[in-house]
Amino acid sequence: MTDVLFYIFAALALASAFLVVANPFSRNPVTSAMFLVLTIVSLAGLFVLLHAYFLAAIQILVYAGAVMVLFLFVIMLLDLKEEEKQRLRHTALLAGLVAVGGLAFIVLQTVWLASPGQGAQPLLEGETPVLGRALFNAQGNSPGFLLPFELVGLLLLVAMIGAMVLSKKEVK
Amino acid sequence: MSVGLEHYLTVSVLLFGLGLLGVILRRSLILMYMSLELMLNAANLALVAFSRYNNHVDGQVMVFFIITVAAAEVAVGLALLVALYRRAQTTHADDLTSMKL
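Top line first, the protein sequences correspond to chains A and B.
Heads up, the first sequence is in this note's numbering, so the first residue is 1 and it goes up one at a time.
Heads up, the second sequence is in this note's numbering, so the first residue is 1001 and it goes up one at a time.
In short, the hints are calculated from the structure, not lab data.
Each hint can be trusted.
Footprint (simulated), chain B over chain A, 3 or more residues, beta carbon under 8 Å: (1) 8-18; (2) 38-46; (3) 106-113.
Cβ-Cβ distance ranges computed for the label pairs, FRET-style: (4) A:157 - B:1058: 22 to 30 Å; (5) A:133 - B:1098: 49 to 57 Å; (6) A:93 - B:1065: 31 to 39 Å; (7) A:15 - B:1094: 26 to 34 Å.
For glycine and all other residues, C-beta sits at the position ideal for the given N, C-alpha and C.
For reference, chain A alone in the conformation it holds in the complex:
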């Protein structure tokens, strides 16, 4: 059952990711954003299959909720027109395919030759208390992730102020 669900979610994620990048039916940015939501939701499904329940919830809340609302808001605010069918830029297509093909070939070959999952039983339950303990508790000599956690909070504040300053009417 879990295996079947994995294949369903993986196929859904990859298919909708392809439709984000190159949709043969519509070049409207809103369609791409909608397929990005589908990709994110199927990735949350994969997170659940990996027993990372908290991260699946965060994925839905932050990505499918906040980030995608921001994307849609900006697309509609700027009133982006459908991109006209532009001629295929052969050099860019060639460069992209070579880069992606080479990268995928090297990494996949490495992964399947090393077979890191062979014999390793999945053990970890990524439930919220485990993650919380890892975030806030000092482990041995290291202070855990308390300082990075606080810094991320500061980063979010700075990003919020920066976004407000940038989108003021006149920057100068």
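Given the structure of chain A, go ahead and fit chain B onto it with the hints provided.
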């Protein structure tokens, strides 16, 4: 064949490749941003899979931080896009040839 770490990593690599292809091929800045999100999500999937199969929770903590930083990055990036659109009336990378607006 039971689903193992390799399967998750394969999905992650393919997703990352699609994101990379999007950044190289598409010329609309907002589409390039979405492809960037795809690449970040691919990295997240790999980290969670490693975390589960190596029995170590640090990978999931990293994903937590990546999601937070990505949210901040999207907020600032989209604000930049709005400011850029006000000046240049376009979000097309080919039309933005001058650094001086």
